[in-house]
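Participant: What follows is the residue order along each chain.
Protein chains: 2
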Amino acid sequence: MNSDALQSYLHDHIPLSRAMQVTVIDISLDRLVLGAPLAPNINHRDTVFGGSASALAILSAWSLIHTRLRREGLTARLVIQSNDMRYDRPILGDFTAAAGLPDPAAWDRFVAVFRRRGKARIAVASTLECDGQAVGGFQGAFVALATDQPSA
Amino acid sequence: MNSDALQSYLHDHIPLSRAMQVTVIDISLDRLVLGAPLAPNINHRDTVFGGSASALAILSAWSLIHTRLRREGLTARLVIQSNDMRYDRPILGDFTAAAGLPDPAAWDRFVAVFRRRGKARIAVASTLECDGQAVGGFQGAFVALATDQPSA
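As given, the protein sequences belong to chains A and B, one line each in that order.
All letters in the first sequence, in the order written, are residues 568 to 719 by the numbering used here.
All letters in the second sequence, in the order written, are residues 568 to 719 by the numbering used here.
It is worth saying that the hints were derived from the structure and are not from the lab.
There's no promise every hint is true.
Simulated DEER-style distance windows between Cβ atoms [as the list claims (entries may be wrong)]:
{"id": "1", "chain 1": "B", "residue 1": "A572", "chain 2": "A", "residue 2": "R585", "range": "27 to 37 Å"}
{"id": "2", "chain 1": "B", "residue 1": "H611", "chain 2": "A", "residue 2": "Q588", "range": "17 to 27 Å"}
{"id": "3", "chain 1": "B", "residue 1": "R644", "chain 2": "A", "residue 2": "P671", "range": "37 to 47 Å"}
{"id": "4", "chain 1": "B", "residue 1": "R585", "chain 2": "A", "residue 2": "S575", "range": "23 to 33 Å"}
{"id": "5", "chain 1": "A", "residue 1": "G685", "chain 2": "B", "residue 2": "D593", "range": "39 to 49 Å"}
{"id": "6", "chain 1": "A", "residue 1": "D698", "chain 2": "B", "residue 2": "A713", "range": "22 to 32 Å"}
{"id": "7", "chain 1": "A", "residue 1": "H580", "chain 2": "B", "residue 2": "H580", "range": "42 to 52 Å"}
{"id": "8", "chain 1": "A", "residue 1": "L641", "chain 2": "B", "residue 2": "R683", "range": "49 to 59 Å"}
As the structure is a computational prediction, the values presented were derived from the model and not from experiment.
By construction, the Cβ of each residue, glycine as well, lies at the ideal position given by its N, Cα and C atoms.
Between the sequences and the hints, there should be enough to build the whole structure, so can you do that?
Facilitator: This is the structure we're talking about:
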């Protein structure tokens, strides 16, 4: 899945990503970077709304796992279970969220458990940046469910 | 600040709240409830996108503190510092976020510290509901800064 395909997928299936004008900046095995401009994500203080910052981080983390699963030839329902978010500095302009695995070795275990049980859990981190400076951090737990599993 | 005034304020100053079609459902001293419909907040699985759920919770929490500070005759820059969020169930339709103080007694301390130092911190919780059922929970830390204080 290349950048254009992922961007179209997000815009077509998650209308808020279109409203946020989310763009796909980089997809590699270990890192997925999304960006968004200030204007549609601005708040009453002319900085980025915390909800937009959170949403971009969630999208980057979800997209990393989604694209990696596809590379493995796997289809899953990928659900966010929990996250925490730190807003370290006001975000004064266009911003990015770069997702990666806090424990890269967790990937093989995640895939093995998913293949065996049809359900597996993985942690994803994402760093928010603006103008080359880290401005916030996200960590989320995602569950992949085989599409024939119940969702509860 | 009544419901219509708050809703206009949010829509005018935070364009994402307009894209999400956020409505103000209830404002009381102890509880502030916002709502949003499924359609503009949907994801690829026809449930509410986690980023929309997070954003509505953040807006409800921010709005609770903003409106309470105004009742005290105080003006502050109100900044989110951190939050955690649990997504307990898929959100299958229109949803609400009801914000309150996990420790109601913290309010008087918060206001006293803010008046004295021009800076004070408070925790806010918000419960997400859909069709009368709790579907997720948010807890966030907000800092109020006197408008003549530096933002760092």
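Participant: If any of the earlier hints don't hold here, list their numbers in rising order.
Facilitator: 7
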